[in-house]
Amino acid sequence: MSDNSSPVIPPLLEEDNTIDAETFMEGVWKNNPVFVMLLGMCPVLAVTNSTINALAMGVATTLVLVASGALVSFLRNHIQKQVRIATYIVIIATFVTIVDYAIQAISLDLYNALGAFIQLIVANCMILGRAEAYASKNSVSKSVVNALGMGAGFTIALLCLGVVREVLGSGTFLGIPLFGDQFQSWVVMILPPGGFFVLAFWLLFFAWREERKEAQQLIAEKG
Amino acid sequence: METSVAFIFLNAFLINNFVLSSFLGLCPFLGVSGKLSTAWNMGLATTFVMIISSLCAFAINEVLMALDLEFLRLISYIAVIASAVQLVEMFVKKFSPSLFRALGIFLPLITTNCAILGLALFQTFREYTFMQTIGFSLGAGAGFTLAIVLMAGLRERLDLSNVPSISRGAALSLMIGGLLSLSFMGFAGLGGGA
Chain E
1 MSDNSSPVIP PLLEEDNTID AETFMEGVWK NNPVFVMLLG MCPVLAVTNS
51 TINALAMGVA TTLVLVASGA LVSFLRNHIQ KQVRIATYIV IIATFVTIVD
101 YAIQAISLDL YNALGAFIQL IVANCMILGR AEAYASKNSV SKSVVNALGM
151 GAGFTIALLC LGVVREVLGS GTFLGIPLFG DQFQSWVVMI LPPGGFFVLA
201 FWLLFFAWRE ERKEAQQLIA EKG
Chain G
1001 METSVAFIFL NAFLINNFVL SSFLGLCPFL GVSGKLSTAW NMGLATTFVM
1051 IISSLCAFAI NEVLMALDLE FLRLISYIAV IASAVQLVEM FVKKFSPSLF
1101 RALGIFLPLI TTNCAILGLA LFQTFREYTF MQTIGFSLGA GAGFTLAIVL
1151 MAGLRERLDL SNVPSISRGA ALSLMIGGLL SLSFMGFAGL GGGA
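If you read the protein sequences in the order shown, they are chains E and G.
Under the numbering used here, the first residue of the first sequence carries the number 1, and numbering increases by one thereafter.
Under the numbering used here, the first residue of the second sequence carries the number 1001, and numbering increases by one thereafter.
For the record, the hints were derived by calculation from the structure and aren't laboratory data.
Predicted, not measured: the structure shown is a model, and the values here were computed from it.
Ideal Cβ placement from N, Cα and C applies to all residues, glycine included.
Mixed in with the good hints, there may be bad ones.
[Claimed, not checked] If you want the footprint, here are the derived chain G segments under chain E, 3+ residues with CB under 8 Å:
#1 1024-1035
#2 1108-1121
#3 1177-1189
[Said to hold, decoys possible] Covered by chain E, according to a simulated footprint, are these stretches of chain G (three or more residues, beta-carbon under 8 Å):
#4 1065-1076
#5 1093-1100
#6 1155-1167
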């Protein structure tokens, strides 16, 4: 993966081609697309009413992210600056069409559950944002690694919501009942408002962690 | 199968509000809803793009169906939306430079507003006729405007209130979004529970 950094096209700028853990981890933790950057919120809230939907959406988005990142990065010295956004969108739309037909072929149930949200991956601003901010400036191998990290971060975030909503809302995990018959399911969690509330809860949790860390640092500095 | 245009309008406007229960167009909903006047203008601009692009999408779908090229649907829709946004941008820049400055980066970002692409895709899935398409796009636009204006009004008040520091920003907006969404569920019985 590391030796295909477009030998045909000499890079215009001196590029830093080192791939380290940071290239991958940036998307997973520091700049998590959902919890930190708040990008691509529509699928995050819409399809996370069960764990399996969340996982499928995460994988589909990652595939598009990696494929479009690789192609954009491969063509980065050929795309005219004025038409770059349009070019990126066409590239993304192509891969989304492929993924859309692939899911339809693999599992029709899943396709029906996700509905229009697979095609709406095109309008996920995270993918366009990555193409513009990262893939158009870095080598193919580096973009792929970074896209994988971003995709992993997005999938983890979707799962964070999907698991909580499924467990509370239907009392199941991956369709397996967790509690006895006595469990009164918390229906609002799988309805639209639940999506807003669970994401707000996660953001509160991360903000609280951040604040506590800062407070501890302050105490440590004072001795 | 034949649903009345008025019901389709009401459905997209209140019962299945585009933002609050279909989760479409959340980026501008959370991003531009800081000030009431900006939110109102953003709603109008989005509605305008919605009407134009859904009519174009309707025409394109007819052509693609006739030529048996359905797999090009997504690419052609997104191209149409991008052009419609460009058109609105030129229009706004010419007639109201102050509005143009107020909307800033969010105007070109209407292109990646999933509410618009979602509208085009939903009308295709549900096989709406021409009149139904018009009703649907008007309802979706009105629903988006209503949601973003309500949100902006609430957030303007919230700026002055004293909330815990960890909930400032996105978390609080999402909680308000959740409450709005909860209250919109009350419209579910409207229109004979269909």
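Quick check: do three or more residues in the segment 1155-1167 of chain G have a beta carbon closer than 8 Å to a beta carbon of chain E? Coverage by chain E holds here, the residue count being 3 at a Cβ distance below 8 Å.
Counting residues of the segment 1177-1189 of chain G that have a beta-carbon nearer than 8 Å to any beta-carbon of chain E, does the count reach 3? holds (count 6)
Claimed coverage, the segment 1108-1121 of chain G by chain E - three or more beta carbons nearer than 8 Å: holds (count 9)
Quick check: do three or more residues in the segment 1065-1076 of chain G have a beta carbon closer than 8 Å to a beta carbon of chain E? holds (count 3)
Tell me whether the statement that chain E covers the segment 1093-1100 of chain G is true, taking a Cβ distance below 8 Å and needing three residues at minimum. violated (count 0)
Residues of the segment 1024-1035 of chain G with Cβ under 8 Å from chain E, three needed, outcome: Satisfied; 5 residues make the cut.
The earlier numbered hint that this structure contradicts is number 5, and it is the only one.
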